[in-house]
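In numbering that gives the first Met the number 0, the protein residues as written are 0 to 311.
Possibly wrong hints are sitting among the right ones.
As the list claims (entries may be wrong) - Below, in silico cross-link-like pairs of lysine to any residue (SDA-like), each with a Cα-Cα straight-line distance of 20 angstroms or less:
| hint | residue 1 | residue 2 |
| --- | --- | --- |
| 1 | Lys22 | Val205 |
| 2 | Lys118 | Ala310 |
| 3 | Lys118 | Leu16 |
Read the hints as simulated data drawn from the structure, not as lab findings.
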Amino acid sequence: MLVAFVALIPVFAVIALGFTLRKSGVIPAEHWRGVELISFWILFPALLINTLSGADLSISALTPFALAVLMMVVTICLFVWALRPWLSRHWQGNGPAFTSIFQTSTRWHGFIALAVVDKLFGAPGLAILAVAFVVMVPFLNVVNILVLATYAGKTRATLSMIARSLARNPMLWGVGLGFLVNITAVRLPGPLLATLDLLSRGALGVSLLALGAGLSWNAMKTSGREVFLSATLKLIVMPLLGALFAFLFQVQGNQFTIIIIAAAVPTAVNGYALARAMGGDAELYAAASTAQVLASFITLPLFVWSAQQLAG
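Sequences are here, hints too, so could you generate the full structure?
Shown next, in the form of structure tokens:
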């Protein structure tokens, strides 16, 4: 486990640096939003296009991986949804609170997953992880919008709302364009490849700095049991489901470890804006996302180490 933890130290160190920079005021608080937007809209799509366009992709070899990922996210969504009557009866949890528990238990932080996979497996691992993006991002976006519309009660979900959410996700554009270039064997011009490469180099570091800057200690002072529940579901139950379906679909080697990484990373931060827009409990979301990032300092290396042992 020590080896896995040491391998992930750079990832957590950059997150801690981002938090320190924001608290110290070296970079004004209002500037961090711009850093997040550059990372989300420019740097990460460039990384995905650059990685996938030249990757050696075998559809038949990746099909079991994709099926295992799909079953994992479907199962965790059904499991959390099945908890709603119990939560309502015993915790007197209202609809908005449930939607934030649901979101933070099912969404995943793709930026952290990319950073960890790049550190452990390089470009070949990033190409495999991109398949998880194709499976998880559309499905989880649609499901979480529907849950918010059903239980938060502020906004009704429409097909146009869902379509806009997917169309505005630059990660999907990056994955889609990368796959398209790969499948069609189009040779990108040298200057364009060099530009994508330069942008790709900054993607991981910049996004982790922004993640650290967004951590909120104050948000964690309330909603303790809800935060604990979402962290347990996301950081423990979901990786265990990932391992279960990886075994069932006979996913092995690096693909097995990458499924566990995709499952074991903390929740995505962009769900906060969705919760605020659609009547969810945004403060609970902020508390849960911060707590999960901190808890993942321990749980993520543990699951990575366990996955590497099981993968052989």
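Hint by hint, here is what the structure shows:
1. Lys22 - Val205: At roughly 17 angstroms apart (the allowed maximum being 20 angstroms), Val205 and Lys22 satisfy the hint.
2. Lys118 - Ala310: Roughly 18 angstroms separates the two Cα atoms, so the pair holds.
3. Lys118 - Leu16: Holds - the C-alpha atoms of Leu16 and Lys118 are around 18 angstroms apart, at most 20 angstroms.
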